[in-house]
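Enquirer: One-letter residues, chain by chain:
Number of protein chains: 2
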Amino acid sequence: MVSFLMTIRQATEQDIPLILGFIRQLAEYERLSHEAVMTEATLRESLFGPRPHAEVLLAYAGDKPVGSAVFFHNFSTFIGRPGLYLEDLFVIPEMRGKGFGRAMLVELARIARDRKCGRFEWAVLDWNEPAIQFYKNLGAVPMNEWTIFRVTGDALDRLANTAVKNC
Amino acid sequence: MVSFLMTIRQATEQDIPLILGFIRQLAEYERLSHEAVMTEATLRESLFGPRPHAEVLLAYAGDKPVGSAVFFHNFSTFIGRPGLYLEDLFVIPEMRGKGFGRAMLVELARIARDRKCGRFEWAVLDWNEPAIQFYKNLGAVPMNEWTIFRVTGDALDRLANTAVKNC
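Here the protein sequences line up with chains V and B, keeping their order. The opening residue of the first sequence carries number 0 in numbering that gives the first Met the number 0; numbering runs sequentially from there. The opening residue of the second sequence carries number 0 in numbering that gives the first Met the number 0; numbering runs sequentially from there.
Hints may be right or wrong, so weigh each one.
[Unchecked claim] Label-pair distances were calculated between CB atoms; the ranges are:
hint: 1; chain 1: V; residue 1: Gln13; chain 2: B; residue 2: Asp62; range: 49 to 57 Å
hint: 2; chain 1: V; residue 1: Asn136; chain 2: B; residue 2: Trp145; range: 18 to 26 Å
hint: 3; chain 1: B; residue 1: Gly20; chain 2: V; residue 2: Glu12; range: 39 to 47 Å
hint: 4; chain 1: B; residue 1: Thr38; chain 2: V; residue 2: Gly61; range: 41 to 49 Å
hint: 5; chain 1: V; residue 1: Ala154; chain 2: B; residue 2: Gly96; range: 18 to 26 Å
[As the list claims (entries may be wrong)] Short derived list, chain B residues pointing at chain V, Cβ under 7 Å:
hint: 6; residue: Pro81
hint: 7; residue: Leu85
hint: 8; residue: Glu86
hint: 9; residue: Trp121
[As the list claims (entries may be wrong)] Think about it this way: if two alpha-carbon atoms lie no more than 20 Å apart in a straight line, the pair counts; the simulated PhoX-like pairs of lysine-lysine are:
hint: 10; chain 1: B; residue 1: Lys135; chain 2: B; residue 2: Lys97
hint: 11; chain 1: V; residue 1: Lys164; chain 2: B; residue 2: Lys164
hint: 12; chain 1: B; residue 1: Lys63; chain 2: B; residue 2: Lys97
hint: 13; chain 1: V; residue 1: Lys97; chain 2: B; residue 2: Lys164
No lab work stands behind these hints: they were computed from the structure. Quantities reported herein were computed from a predicted structural model and do not represent experimental measurements. Here a beta-carbon is modelled for each residue, glycine too, at the ideal position from N, C-alpha and C.
Construct the entire structure; sequences and hints are all you get.
Expert: Spelled out as structure tokens, the structure:
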């Protein structure tokens, strides 16, 4: 049995190629590669520009990067405070089942607690049973009564261009 | 038929009591009043503190405030850009069906477009059929294959306190 030191650290601008590689692999796993149009430039602007929109944790086995977690702060009106939202969690296939995903979730829970967030949330694909069981075991509750609605692309343009009449 | 001027403007710190009142009414409508623990102080800190976590639009009929929209920016790794997330949309019962909700959604779509957001999203309770039909008519697509998982309260503390072992 090989043993190695597991470390988790916050990503910096130098890690963009690594982050991009992990996002591409995650898109393949989720069968959503056709939706993955991000580039190093869009990531640089969004993660390390004047107004950062997300943060990234990187997981290492010794000195080998093996996974990433992309997160940002959302907001709960009912709590009146920010929450922590995990957008993506990824571990390379050959290192799954060794505790890296769990370690990143624990680190994110600590960040949520330290920043006084009322909630820690993420979305899961309904067919991903292994992930669902794993998350339930960590104390996460599925918000089964809610569905996300999304407007994007041409539909977003049409909505933005809708004339609004006075009543 | 009474006619009135419909206007939509960005809320300021002076509007906090008004915003709090609308959130409380929305919580009642969603049968979630027990979860609505926000106060003027938490809203002031989160909306107008050093690091704002959300923004608010207010809708007026003439000079009477009739509704609100609370939103923030999320982030899509696949697009590599921020999105706009609508956390709450509320119109007072006696002014529903007159176009205020639609006008706020159109204004949010414009903000999303102006800020180069790739997506405009929100969550809907599955039993809220009138809202679901209204959103579909505006071009929104339900993300039926995703479920949000949430960790909060004691479960969040337990997760944050989990020991992480090296493998």
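Enquirer: The structure should be examined with respect to each hint, and the outcome stated for every one.
Expert: Hints versus structure:
Separated by about 54 Å at the C-beta atoms, V:Gln13 and B:Asp62 satisfy the suggested range of 49 to 57 Å. At about 20 Å, the CB distance of V:Asn136 to B:Trp145 agrees with the hint of 18 to 26 Å. For B:Gly20 paired with V:Glu12, a C-beta distance near 43 Å keeps the hint of 39 to 47 Å intact. A beta carbon spacing of about 47 Å between B:Thr38 and V:Gly61 agrees with the range 41 to 49 Å that was offered as a hint.
Between V:Ala154 and B:Gly96 the Cβ separation comes to about 23 Å, which falls inside the hinted range of 18 to 26 Å. Hint status for B:Pro81: holds, given a least beta-carbon distance of 4 Å to chain V, under 7 Å. Taken as an interface hint, B:Leu85 does not check out: its beta carbon lies about 9 Å from the nearest beta carbon of chain V, beyond 7 Å. Interface hint at B:Glu86: satisfied, since its Cβ lies 6 Å from the closest Cβ of chain V, which is below the 7 Å cut-off.
Hint status for B:Trp121: holds, given a least beta-carbon distance of 6 Å to chain V, under 7 Å. A hinted pair counts as satisfied when its Cα atoms are at most 20 Å apart, and B:Lys135 with B:Lys97 qualifies at roughly 18 Å. Among the hinted pairs, V:Lys164 with B:Lys164 is inconsistent with the structure: their alpha-carbon atoms are about 61 Å apart, more than 20 Å. Annotation: proposed proximity of B:Lys63 to B:Lys97 holds, straight-line Cα distance about 14 Å (limit 20 Å).
Only pairs whose Cα atoms come within 20 Å are accepted, and V:Lys97 paired with B:Lys164 is accepted, the gap being roughly 10 Å.
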